[in-house]
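Student: Quick note: the sequence shown uses my numbering, first residue 76, plus one each step.
Quick caveat, the hints were computed from the structure, so don't treat them as lab data.
A virtual CB, placed ideally from N, CA and C, is assigned to each residue, including glycine.
Listed below are the simulated DSSO-like cross-link pairs for lysine-lysine, each with C-alpha atoms no more than 30 Å apart in a straight line:
id, residue 1, residue 2
1, K175, K150
2, K118, K161
3, K175, K139
Between beta-carbon pairs, the in silico distance windows are:
id, residue 1, residue 2, range
4, V177, R141, 27 to 35 Å
5, W176, L86, 33 to 41 Å
6, Q119, G140, 21 to 29 Å
7, D136, G184, 16 to 24 Å
8, N158, A104, 30 to 38 Å
9, G129, Q156, 14 to 22 Å
10, G130, W181, 19 to 27 Å
11, S191, F148, 35 to 43 Å
12, I179, G130, 13 to 21 Å
13, R141, R186, 17 to 25 Å
14, G85, K175, 30 to 38 Å
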Amino acid sequence: QVHMVESGGGLVQAGGSLRLSCTASGNIASITAMGWYRQAPGKQRELVAVMTNGGITNYADSVKGRFTISRDFAKNTVYLQMNGLKPEDAAFYYCISDTKWVGIYWGQGTRVTVSS
Numbered sequence: 076q077v078h079m080v081e082s083g084g085g086l087v088q089a090g091g092s093l094r095l096s097c098t099a100s101g102n103i104a105s106i107t108a109m110g111w112y113r114q115a116p117g118k119q120r121e122l123v124a125v126m127t128n129g130g131i132t133n134y135a136d137s138v139k140g141r142f143t144i145s146r147d148f149a150k151n152t153v154y155l156q157m158n159g160l161k162p163e164d165a166a167f168y169y170c171i172s173d174t175k176w177v178g179i180y181w182g183q184g185t186r187v188t189v190s191s
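Whole structure, please, built from the sequences with the hints as guidance.
Tutor: See the structure below:
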């Protein structure tokens with residue numbers, strides 16, 4: 076099993092920045108990628124950004140150029156730097172770890188609120 080603990084959500088004005096962090100523990104060796112999804116009220120959960128162990132990244136079109144994903148492999152931590160936040164970025168953000176045999180583990184979620 077892999078357990079993730081997220082932090083960094085909160086309230087920010089439009090145009091502001093936040094950085095989310097997520098630290099994994101447990102069967103770290105099984106992790107092949109880490110990233111972030113988000114879900115706004117009444118909407119489907121969507122991929123925000125993901126980074127493989129090899130450093131390959133994938134971003135949602137809506138966040139390209141504003142959000143940056145990074146990983147500290149020594150700390151088993153993934154970060155999401157969010158700049159230029161918009162009201163439509165408001166959502167619960169969930170950290171994920173994709174693993175070799177079991178699939179995806181989810182964090183508990185952290186709330187991001189963007190005021191206009």
